[in-house]
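Student: Make a model of the complete structure from these sequences and hints.
2 protein chains.
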Amino acid sequence: MGKEIVIIGGGPAGVTAAITARRYYPETNITLIRKEEKALIPCGIPYMFGTLDSAEKNLIPDQLLTGNNINLVIDEASSIDRDSGTVITSAGKNFIYDRLILALGSSPLIPSIPGVELNNVYAVRKDLEYLKDLSKKLDQSKDVVIIGGGFIGLEFADEFMKRGNLKVTIIELLPHCLLLACDEEICKRVENKLLERGVNINVGAKAGAISGKNQVEYVELESGDKIKADTVILGIGVKPNVNLALECHLAADGREGIQVDDFMRTSDENIFAIGDCAKKRCYLSGLPKGVWLASMGTTEARIAGANLFNVRRRSDCAIGIFSTCFGDLAVGSAGLTESAAREMGMDVVTGESVAPDKHPGSIPGAQELGIKLVFEKDTGLLIGGQVYGGVSVGEKINFIGALIQHKMRADEVCTFQMGTHPLLTASPIAYQLINAAQLAVMKLRKS
Amino acid sequence: MGKEIVIIGGGPAGVTAAITARRYYPETNITLIRKEEKALIPCGIPYMFGTLDSAEKNLIPDQLLTGNNINLVIDEASSIDRDSGTVITSAGKNFIYDRLILALGSSPLIPSIPGVELNNVYAVRKDLEYLKDLSKKLDQSKDVVIIGGGFIGLEFADEFMKRGNLKVTIIELLPHCLLLACDEEICKRVENKLLERGVNINVGAKAGAISGKNQVEYVELESGDKIKADTVILGIGVKPNVNLALECHLAADGREGIQVDDFMRTSDENIFAIGDCAKKRCYLSGLPKGVWLASMGTTEARIAGANLFNVRRRSDCAIGIFSTCFGDLAVGSAGLTESAAREMGMDVVTGESVAPDKHPGSIPGAQELGIKLVFEKDTGLLIGGQVYGGVSVGEKINFIGALIQHKMRADEVCTFQMGTHPLLTASPIAYQLINAAQLAVMKLRKS
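Protein sequences appear in the order of chains A and B.
For the first sequence, this note's numbering begins at 1 and goes up steadily by one.
For the second sequence, this note's numbering begins at 1 and goes up steadily by one.
In short, the hints are calculated from the structure, not lab data.
Careful, some of the hints might be misleading.
[As the list claims (entries may be wrong)] With a Cα cut of at most 30 Å, we get these calculated DSS-like pairs of lysine-lysine:
hint	chain 1	residue 1	chain 2	residue 2
1	A	407	B	407
2	A	226	A	239
3	A	38	A	239
4	B	443	A	3
5	B	377	A	407
6	B	226	B	213
7	A	226	A	213
8	A	136	A	126
9	A	126	A	213
10	A	443	B	3
11	B	377	B	443
12	B	3	A	446
13	B	162	B	137
14	A	239	A	93
15	A	136	A	162
16	A	213	A	167
17	B	407	A	377
18	B	407	A	443
19	A	377	A	188
20	B	239	B	126
21	B	206	B	137
22	A	3	B	446
23	B	443	A	407
24	B	188	B	377
25	B	206	B	188
[Unchecked claim] If you want the footprint, here are the derived chain B segments under chain A, 3+ residues with CB under 8 Å:
hint	region
26	14 to 24
27	47 to 59
28	291 to 300
29	319 to 332
30	354 to 364
31	389 to 402
32	419 to 427
[Stated by the list, open to error] Which residues of chain B face chain A? A partial, calculated answer using Cβ under 10 Å:
hint	residue
33	43
34	64
35	306
36	313
37	439
38	445
Don't be surprised by glycine CBs; every beta carbon is placed ideally from N, CA and C.
Tutor: Shown next, in the form of C-alpha cells:
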C-alpha cells in the first residue's frame with residue numbers, strides 16, 4: 001500500500017508541492033483538496049481587468065495535477081484530526097494522510113473604517129466569480145478609488161485605465177507608493193509613469209471612511225477631502241489563513257502565520273506548511289517578514305515536497321523578490337532597500353549605475369536600465385538591489401536575488417564574467433550590475 | 001610626481017582598464033595609445049550594416065576617456081623597451097611607463113585558400129573606413145557569401161538581409177551553425193529562424209577557393225558546388241595580436257595569446273595583458289580556450305586595472321558567455337555544451353525546461369523561453385547552460401554564467417528564491433531555471 005500525501009490548497013504553492021512530491025515519492029497516493037472550482041493565478045489577477053480578454057485565461061490548469069497522477073478533490077477542508085491523521089471536509093468526506101501539507105493561502109486585510117461593508121467595495125479575493133462580478137461593475141463605473149499603493153494597488157490602477165471608461169485614484173498612506181519595496185527615487189519613477197498613464201495618486205493620505213447610501217459615493221480622507229467613487233478596491237495587504245491550523249492546535253499566529261522549521265515542518269512533524277499561510281523570516285534580521293508572494297510559496301513547496309519522508313532541503317530565510325511593470329517601465333526589488341537597512345540600524349553603502357539596455361544606445365528600442373545595489377558597510381555583503389528598465393528587469397532582479405541568497409560581496413560582483421550583446425544588454429564597459437558594484441567598492445575602500 | 005600608466009589599445013578592454021585604473025589610482029597619469037582615429041564597438045559591427053542607420057553610431061565615445069582624465073593619444077605603438085620602461089610609437093614619440101597594459105586585440109583569421117586576395121573579399125576588421133567601404137560595396141551587390149557560421153557570420157547574414165537587395169548564403173564547415181557554442185537542438189532553432197528570414201545555409205560545407213577575375217564571381221566548395229558571389233565575408237574566427245609582445249620577448253604564442261598569470265600580469269610583472277590578446281584558460285579543463293569576447297576582455301580589464309600597483313583581484317578561468325539575437329529569437333550559451341562536455345570525457349546529466357516567458361501564456365507578447373542546463377554527474381555541479389527565447393535571454397544567460405562561476409550544484413538551483421510577474425517572467429510553477437535543475441536532480445538521483 002502506498003503512503004498517503006494530502007495537500008490542502010490549490011494555489012501555486014499547493015500545486016508545486018504536489019508535483020515535487022510526485023517526483024520524489026512516485027509510489028505514494030497524492031490528493032490535493034481545493035475549495036475553488038477553478039484556481040486563479042494569483043499574480044495574474046490584476047491583468048484579468050485589462051490585458052487579458054477573458055477572466056478564464058487566468059487559471060492554473062488542472063492538467064498540472066491530473067497529468068502528474070494527483071487526485072484533485074473540489075471540496076473544503078473543514079478540520080484536521082491529528083490523532084488519526086485525517087482531514088475532514090465540508091462535504092463530510094475523510095482523507096487519511098501520512099503526510100499533510102497546508103497551503104492555505106492568505107486573505108485580504110479589511111480596514112476597520114466606516115463604510116467598508118457598502119456595495120461596490122471590493123477586496124482582492126482569489127475568487128473567480130467575485131472578480132467577474134467586479135469586472136461587470138467596472139463596466140458601469142466612472143470613478144474608482146484604490147486604497148493602498150503597493151504592487152497590487154498600482155497594477156489594478158494601471159489595468160483599470162486600459163478599460164477607457166474609468167477615472168482611477170490611488171490612496172496611499174506612506175509618502176510614496178511602493179515604499180515598502182523600493183527606495184524613494186525608484187518609487188518616484190513608478191509614480192511618474194502612472195501619472196503619465198492617467199492615474200491619480202494621493203500619497204500621505206489616509207482613508208478615514210467610505211460613505212454613501214448602499215452604494216459607495218465617496219472615499220473620505222482624514223484630511224477632510226472627499227474623493228468621488230462608485231467603486232472602491234481595498235489593496236492594503238493580506239493576512240495568512242491559519243484557522244485550520246489553530247483549530248488543530250498547531251503553533252500559529254494570526255498575523256505571522258503557521259510556525260515552520262527550516263524543513264517547512266509545522267509543530268507536528270507530519271504536517272508541513274508552505275506559501276502565504278506559513279511564517280517567514282527576514283534573511284537578515286531573522287525577524288518575521290511578510291513575503292506573501294506566489295514565487296516564495298513555490299520555493300517553499302519545492303522544499304516541503306522533497307522533505308515529506310526524508311529531510312533533504314533546508315529553507316533559507318526570505319529575501320523577498322518582487323517585480324512589476326507599467327507600460328514600458330518595469331521595476332524589481334530584492335532584499336532590503338537602503339532606507340529599510342538604515343532603519344534596521346545597519347551601515348550601508350550603495351552603488352548605482354544606469355545605461356541603455358542595448359548598445360550602442362542608438363540601437364532601436366534601447367531604453368535606460370538602472371540598478372541600485374545596497375551593501376553592508378563592514379563586510380561588503382550584498383543585502384539588497386533594485387532595478388528599473390524594460391522587460392529584462394524580471395530576470396535581472398532574480399539574478400540579484402540569487403547573489404544575495406548566496407552571500408556575494410561587492411568585489412565578487414565586480415569580477416563576474418558576463419556576456420553582452422548589442423540587441424540584448426548594455427555594453428560590456430557600461431554593464432550596470434558590475435559598475436554599480438564597482439562604485440560601491442570605491443566607497444567601501446574610503447569608509 | 002605621479003606614476004605613469006600606459007595602455008596600448010582603445011577597444012572595450014583598454015577603455016575599461018583605463019577607467020578602473022583611474023578609480024584605484026587617482027594620483028597617476030594614465031595614457032591610452034590607440035591607432036584608430038575612432039574606436040568601434042566590436043560586437044556592434046554587424047549592426048552597422050542593417051539596424052543602425054549610420055556606421056558612426058557604433059563608436060566607443062572618447063568622452064569615456066577624456067571625462068576620466070585619461071590622456072588619449074592617436075598613434076601606433078611600434079615597440080616596447082622594457083629596460084627603460086618605454087613605449088615607442090610610429091610617430092616617433094616615447095611614453096615612459098611604470099605599468100603598461102597591453103590590450104592589443106585580435107585580427108581576423110584569413111583562410112589559406114586560393115582567391116582570398118580578390119577584390120570584394122572582406123574580413124571583419126575593426127576599422128571604420130574599411131567597413132564603410134564594405135557597406136558601399138554591398139549597395140551594389142546581389143550575392144553575398146559568408147564563410148563561417150559562428151555568431152559573427154550569422155549576425156552579418158541577418159543584418160545583410162535587412163538591406164533588401166541581397167541574397168545571402170552562409171558556408172559552415174561543421175554539421176550545424178553555432179555548434180561550438182550550442183548543442184545541436186539549439187543550433188537547429190537558430191538555423192530555422194535564419195532560413196525563415198531568408199538566409200541560405202550550407203552546413204558541412206568547406207570553401208575550397210574563391211574564384212573570379214579581380215572581382216569575386218564564385219565561392220567554390222570542396223564538394224564541387226560553385227556559389228555565385230559578388231561579395232565574400234570571412235567570418236571564421238580571430239587570432240590574438242601578439243607581435244608587439246613577442247618583439248620585446250614576453251612569453252606569448254601566436255595562436256593562444258600573451259601568457260598571463262591570475263593577476264593578468266605577463267612574464268614581466270610591470271606589464272599586464274587583457275582582452276583578445278591575452279591567453280585564456282577553460283574554467284573546467286584549465287586548457288587554453290579561445291574566448292575572444294569584449295565582455296571577457298572587460299572582466300580582465302577590471303582585474304588588471306585594480307591590480308597595477310597592488311594585487312587585489314584574481315581572474316577565474318574563462319567560462320565563455322555568449323548571446324545573440326535574430327528577430328524575435330535570442331539565444332545564449334554559458335560554459336560547456338553537453339556535447340563538448342561528453343567529448344572532454346565527462347559524465348553529465350542535463351535538465352531542460354520550456355515555458356512561456358509571461359504568465360498566463362495568453363498574456364499578449366508571451367513567447368517560449370527554454371533552458372537547458374548541463375551538470376557534472378558525480379558532483380551535480382553546474383557546468384553549462386543554454387537559453388533561447390525573447391530579449392530577457394541576455395540577462396538570463398549571465399545569471400547562469402554567475403551560477404557556473406560560483407560553482408552551484410543542481411540542488412541549490414532548485415531552491416533559489418525568485419520573483420515572478422505575469423508581464424515579465426514564467427509562472428512560479430513553471431519557472432524554467434528551477435524546473436530544469438529539478439529535472440536534472442531527478443536524473444542524478446537515479447544515476
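Student: Could you tell me which of the numbered hints above are not met by this structure, giving the numbers in increasing order?
Tutor: Of the numbered hints given earlier, the structure breaks none, since each of them holds.
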